[in-house]
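Enquirer: The listed protein sequences derive, respectively, from chains B and U. Take the first sequence: its position 299, counting from 1, is numbered 299 in UniProt numbering, and each next residue is one higher. Take the second sequence: its position 93, counting from 1, is numbered 93 in UniProt numbering, and each next residue is one higher.
Mixed in with the good hints there might be a few duds.
All copies of an identical chain are treated as equivalent in the list; a pair is satisfied when it fits inside any one copy or across any two copies.
[As the list claims (entries may be wrong)] List of simulated lysine-lysine pairs, BS3-like, C-alpha gap at most 30 Å:
{"#": "1", "residue 1": "Lys16", "residue 2": "Lys45"}
{"#": "2", "residue 1": "Lys151", "residue 2": "Lys185"}
{"#": "3", "residue 1": "Lys215", "residue 2": "Lys185"}
{"#": "4", "residue 1": "Lys151", "residue 2": "Lys257"}
Worth flagging that the hints you see were computed from the coordinates, not collected in a lab.
2 protein chains.
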Amino acid sequence: MDVIRIALLGYGTVGKGVHQTIQLQQERLQTLLGKRVELAGVLVKNINKHHIEDSSVLLTDNCEELFSLGNIHVVIDAIVGREPGFSYLKRAIQNGTHIITANKELFAHHGRELKSLADEKGVSIGYEATVGAGIPIIQTLSKLLQVNKVKRIQGILNGTSNFILSSMREKGLSFQEALKEAQEKGYAESDPGNDIEGRDAYFKALVLSDLAYGKKPEEEHTLLKGITDITIEQINYFSSLNLRFKHVAEIVKAPGKISCAVRPVLVSPEHPLYQVEYEQNAIAVETTIAGRITLQGLGAGMYPTASAVIEDLVQLENQHSQPVWREDVHLEAEEIEQSLWILPIRLEKQLKDKKKILGKLGSKCLIAKNLDEESLELRDHALEVLGGIDLPQIQGLQKSVKIS
Amino acid sequence: MDVIRIALLGYGTVGKGVHQTIQLQQERLQTLLGKRVELAGVLVKNINKHHIEDSSVLLTDNCEELFSLGNIHVVIDAIVGREPGFSYLKRAIQNGTHIITANKELFAHHGRELKSLADEKGVSIGYEATVGAGIPIIQTLSKLLQVNKVKRIQGILNGTSNFILSSMREKGLSFQEALKEAQEKGYAESDPGNDIEGRDAYFKALVLSDLAYGKKPEEEHTLLKGITDITIEQINYFSSLNLRFKHVAEIVKAPGKISCAVRPVLVSPEHPLYQVEYEQNAIAVETTIAGRITLQGLGAGMYPTASAVIEDLVQLENQHSQPVWREDVHLEAEEIEQSLWILPIRLEKQLKDKKKILGKLGSKCLIAKNLDEESLELRDHALEVLGGIDLPQIQGLQKSVKIS
Ligand SMILES: NC(=O)c1ccc[n+]([C@@H]2O[C@H](COP(=O)([O-])OP(=O)(O)OC[C@H]3O[C@@H](n4cnc5c(N)ncnc54)[C@H](OP(=O)(O)O)[C@@H]3O)[C@@H](O)[C@H]2O)c1
Ligand SMILES: NC(=O)c1ccc[n+]([C@@H]2O[C@H](COP(=O)([O-])OP(=O)(O)OC[C@H]3O[C@@H](n4cnc5c(N)ncnc54)[C@H](OP(=O)(O)O)[C@@H]3O)[C@@H](O)[C@H]2O)c1
Chain B
1 MDVIRIALLG YGTVGKGVHQ TIQLQQERLQ TLLGKRVELA GVLVKNINKH
51 HIEDSSVLLT DNCEELFSLG NIHVVIDAIV GREPGFSYLK RAIQNGTHII
101 TANKELFAHH GRELKSLADE KGVSIGYEAT VGAGIPIIQT LSKLLQVNKV
151 KRIQGILNGT SNFILSSMRE KGLSFQEALK EAQEKGYAES DPGNDIEGRD
201 AYFKALVLSD LAYGKKPEEE HTLLKGITDI TIEQINYFSS LNLRFKHVAE
251 IVKAPGKISC AVRPVLVSPE HPLYQVEYEQ NAIAVETTIA GRITLQGLGA
301 GMYPTASAVI EDLVQLENQH SQPVWREDVH LEAEEIEQSL WILPIRLEKQ
351 LKDKKKILGK LGSKCLIAKN LDEESLELRD HALEVLGGID LPQIQGLQKS
401 VKIS
Chain U
1 MDVIRIALLG YGTVGKGVHQ TIQLQQERLQ TLLGKRVELA GVLVKNINKH
51 HIEDSSVLLT DNCEELFSLG NIHVVIDAIV GREPGFSYLK RAIQNGTHII
101 TANKELFAHH GRELKSLADE KGVSIGYEAT VGAGIPIIQT LSKLLQVNKV
151 KRIQGILNGT SNFILSSMRE KGLSFQEALK EAQEKGYAES DPGNDIEGRD
201 AYFKALVLSD LAYGKKPEEE HTLLKGITDI TIEQINYFSS LNLRFKHVAE
251 IVKAPGKISC AVRPVLVSPE HPLYQVEYEQ NAIAVETTIA GRITLQGLGA
301 GMYPTASAVI EDLVQLENQH SQPVWREDVH LEAEEIEQSL WILPIRLEKQ
351 LKDKKKILGK LGSKCLIAKN LDEESLELRD HALEVLGGID LPQIQGLQKS
401 VKIS
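Excised from the complex, chain B in its bound form:
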């Protein structure tokens, strides 16, 4: 069987996720590509930190060693910063290798140059992972909206900032407390500057601008501001008006200019970005024919990012489309979590005694501080109210009645 050989730059969160995903999805990849996918080598900075089980994989901190590996088809970039990544990717393209990158800072600054070079050399570039991780916004814009023109893009592109704003509003935390929580949960880096000062979202906006409009926004039409000045008092005040702070990157094309504003805005409930909370990202694209289309999902994390890289790999290597579905022994019932937030109900049963139930269920929820402790009791009340609910689905209720 033919093989696709991969060289991987970086073995941190993303690099490891990609390696694991290649292993876990080997069978599926072979079906899709008609080829085995093989990790040939991995480049890291500090080789002592790392170990790779499979001894056929070269692990090195010497880029010359990596580049001297024969028959590499794809170089996957999961390192940090503009350099040495840019030099490595140029070299890979010069060698006639496809590249896939998750490195938004690099791609924001050198994407156009890499795209031109790739065109020249007849190789492809995948960069889905640079924006919104598992949300397929890059491919949607490149492939699925070709006749439509993009009028405007508005996106929540940084999960850390969004997490902090949600925590502040929902838990009444100060900025510093919320930041600390985000760091503890692994959303924010130990140096979270790029996130909270808006640069990470700005890099992603540059990538989107180049994709949608063929160039970056002009500097004089660019505004960049992070979330560091937002106070809990401001959040509470606007909350009382049903407005929520979101850190939004907006890219707009007008005749002769592209403007880009990356800053906190107030969003009202009618806008699809209003309910995008915590580590979620979302991108609303206003198009000329289809209207506004919004994509939402996890904008960071090991597997969502690896997903983007692996889907890029399939796109690069394979233009014939295969069925999405397949008989799959691995998808077990346990893997399907119950939906926490959708409660199916049977409408035939009328609510019998609304006042009584409201007294029990409604007001209790309004005042209950720790809803988890109340969940069993709530479940019983809910059963009375709702009639014929499927029992396993009821588990969501203790949260679903949490009053914001």
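Chain B is already provided as a structure; the job is to place chain U with the ligands on it using the hints.
Expert: Chain U with the ligands only, in chain B's frame:
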């Protein structure tokens, strides 16, 4: 220059939208396809109702006449019901013609058969328009999520039902009043049975099930219920608990079975379907690697549906990817509406006198019945509150403070 010749079945909302879009986007289509796109003929039921300006287009109510047109490359189906559409599409495929269909009822029932036939004959089928109109859910599942497996799909797939539920909740209308409003606005058919009894959403669920899992849900695992029994009292009651009724189609794969439930459910604010209101549709796809990805947009209407058809056309005919962007003289500043729901603010300015402003802005909004009449006054108050807002963006405020 080469030409792609199209035969169009039906000249109602969708058919007309497709024709207009071909005309308006001719230049773009030529760039993408390297070919001119030409409408060769249109089939209708009642020829007396119709007139087509361009005399080179055959307008007929005789399918034999349409099928005897030479050199047709693509047949686009925009008629209603399973027959005669199914026979026509089979015939088109037999003739070696690609097909694109918007006809969900037909495709729900005969999609698999048409797909097999198309594979046999080496032609392609586009059916993006059958689900969610301009939301590119079909292509996202087929092309962008190939390595990911689909664990569950939950979707608001019928704009009419969703419109009715939103109107009832937000305006306190009865079911009948809300239905009437939907009909007046052109969302519901004069015979709205398919919409409000859930069949339209069910057809779309069948299409998604076949795409994601290669077959339809078994009948014994299928539940179908519309929104006709929902009362305003129920809506109000659950509203007070922060729960909203949504008509959701859910398709889940478990070992050995596919289950499908199309019915009203209660959704809480944490779920991405919670804020999908009025004529919007949305589909949340739970995947094995990327997590949950949600797509939202307009699920019906002339142009969103035509968008899906035209994007399918480009996908069918052209596998090399072209840049999304282009210098475009047609995109004028006026075309970009100001965002109604995002208000950028400058955080440097502190709110000076919250109580005073709340008295003016907050409570006024809470009681103002006709916010449009108040908009100028509101704008002035808002300027006081928010400090340095860009003036053109403030127009959203009169709506953004509407309290639900
Ligand atoms: N984490 C996410 O959720 C996410 C999402 C989307 C995109 N990204 C992007 O993906 C890239 C990787 O992110 P990450 O979270 O995986 O970072 P990470 O955990 O810090 O890992 C970075 C890896 O790159 C290696 N590296 C750094 N500089 C290097 C150099 N000069 N030469 C060789 N190797 C070098 C490091 O080696 P050592 O281990 O030896 O130090 C480490 O293995 C970044 O560009 C990031 O912006 C990340
Ligand atoms: N409207 C939407 O937003 C939307 C969105 C997605 C999908 N769709 C689907 O797209 C299709 C078209 O919808 P529509 O809203 O355009 O419907 P429509 O406005 O009612 O138009 C239907 C057209 O089909 C023609 N037609 C019907 N039966 C025919 C037959 N037996 N032979 C020849 N022509 C026939 C009609 O001809 P006459 O004009 O002569 O009667 C009419 O021009 C439907 O399958 C619908 O489910 C619609």
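Enquirer: At most 30 Å between alpha carbons: which applies to Lys16 and Lys45, within, between, both or neither?
Expert: Within one copy, since 14 Å is at most 30 Å while 60 Å is not.
Enquirer: Could you place Lys151 and Lys185 in one of the four classes (within, between, both, neither) given a Cα distance threshold of 30 Å?
Expert: between (36 Å within a copy, 26 Å between copies)
Enquirer: Quick one: Lys215 to Lys185, C-alpha cut-off 30 Å, is that within a copy, between copies, both, or neither?
Expert: neither (36 Å within a copy, 40 Å between copies)
Enquirer: Go through the copies and call it for Lys151 and Lys257: within, between, both or neither, with a Cα cutoff of 30 Å.
Expert: within (12 Å within a copy, 43 Å between copies)
Violation of the numbered hints given earlier is confined to hint 3; every other hint is satisfied by the structure.
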